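Colleague: Top to bottom, those sequences are chains R and S.
Each residue of the first sequence is one higher than the one before, starting from 0 at the first, in numbering that gives the first Met the number 0.
Each residue of the second sequence is one higher than the one before, starting from 0 at the first, in numbering that gives the first Met the number 0.
No lab work stands behind these hints, which were simulated from the structure alone.
These numbers were taken from a predicted model, which means no experiment stands behind them.
Please note that the accuracy of each hint is not assured.
Listed below are the simulated DSBU-like cross-link pairs for lysine-lysine, each with C-alpha atoms no more than 35 Å apart in a straight line [claimed, not checked]:
hint	chain 1	residue 1	chain 2	residue 2
1	R	248	S	104
2	R	194	R	107
3	R	45	S	104
4	R	203	R	238
5	R	116	S	104
6	S	104	R	194
7	R	178	S	104
8	R	83	S	104
9	S	104	R	2
10	R	178	R	83
11	S	104	R	113
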Amino acid sequence: MTKRAAFAQLSSCWGCDQSLVDLHLKLLDVLPELEIVYWPAVVDYKLKDLENLPDRSIHFGFVEGSCRTREDEHLLRTMRAKSKVLVAWGSCSCYGGVQGLANQWTLKELLERKFLKAETITDGRIPDENVPGFKEDIRPNPDVVPFDVLLPGCPPTSDNTAEALSALLAGQPFDLPEKTVCDQCPKVREEKHIKVVHRTHEGKVDPERCLLDQGYLCLGFATIGMCGAQCPSVNTPCKGCFGPPPGIKDHGAKIISALGAIAEMSPEELKEAFPDPLGSFYFTDYAASYLSRLVGHTKEEEQ
Amino acid sequence: MTATTQRAASRTKAKERARFEPRIVAFCCNWCSYAGADLAGTSRMQMPPNIRIIRVNCTGRIDPSFILDALYEGADGVLVSGCHPGDCHYTSGNLRMRSRYVLLKRLLEQAGIEPERVHLQWASAAEGDVFAQGVTDMVERIRRLGPNPVRRRR
């Protein structure tokens, strides 16, 4: 019996779809078992097509992206109502995504920066007609509706999505691994003594040795190992886009905890080492952090 | 909101501020500051009763998420008190805490949360007075900042 699946896109880059389509011929292994009832990224479905389906009639609902607009939240709630198993697909859906970093500012500041003060704009205006309207801040989708499966990644690799789909089709649980990116990384690790932190473009990388040992902020140690260490393998420091392993409550707190143990630098040097700590330590999961939640409370207080 | 209710609201707010008693979580290391706090107590030194001490073996054991969790759960401030640099029972746990503290302050600042809500001090087992003064200063600092926004909402 084929299973009905739906793929919904909220505010995001739709890279998760791209990653799924990148399966190429391997898609043929799973496609015959799926009946796709909603996938606007590929076929011209409308929102009403989804709304007209009976409740709980979709076996697997994949939600990508986070709720920046009111329409996003409506689509998310619709997906929850129509799906038996709801999958948070990608880091945007699990943690809020890169756009979660916008939670550092109020919506008013963001709108003014984007629509009035951007360098390329001559007669700016904030659009308010025929648009769904923005949400005050980004929250991780699991804070809005309950989810059954989390599949983080920016994007989840093609194989990640294929594995999750196969597990769901076989009726097996899909649990996130406890290991980190370091466990999958082929580079040689030594005792860590970090005396200086380099920006990614500075210096020359020794391709054999651990990037963190060489002073590059590689976040593999605090990041869930699902990607096969794609970035460190090609000498690019891990940005932590998959988020922390299960059980870690706050990605950035874990990162500074580890950095405190391995950095042999004076407090002044450490202070200067990271020009944008939130952007560096919470690349895709600032909205899920304690800090963002604390500030969210402050914003509500002011309104 | 009419002028009368507005006045009433601002009156209640002022009253609240006057009545505000900070709730501060203090993490003290077993070997120096916890003994220092003990000494301050047995020596009958006066300090405000606004802190709740949690004993940890070493300040190096304090994960930054403990501090953030305390703030999220409604603590108005978090005080971390450990051995002086060079005096750590485990040689360098306090220095690790110091590095974490510096980075945590940067995060708080960038996120728009008053970094003064978190404070790190050194107080040895013999410095009951330093500990008591540190607590007094901390309570003063938090009193000036006002309640944690999370707590105000609840």
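Colleague: Each of the hints needs a verdict: does it hold here or not?
Modeller: We went through each hint and held it up to the structure:
no., hint, verdict
1, 248/R x 104/S, "19 Å, holds"
2, 194/R x 107/R, "41 Å, violated"
3, 45/R x 104/S, "47 Å, violated"
4, 203/R x 238/R, "19 Å, holds"
5, 116/R x 104/S, "30 Å, holds"
6, 104/S x 194/R, "20 Å, holds"
7, 178/R x 104/S, "29 Å, holds"
8, 83/R x 104/S, "43 Å, violated"
9, 104/S x 2/R, "50 Å, violated"
10, 178/R x 83/R, "29 Å, holds"
11, 104/S x 113/R, "29 Å, holds"
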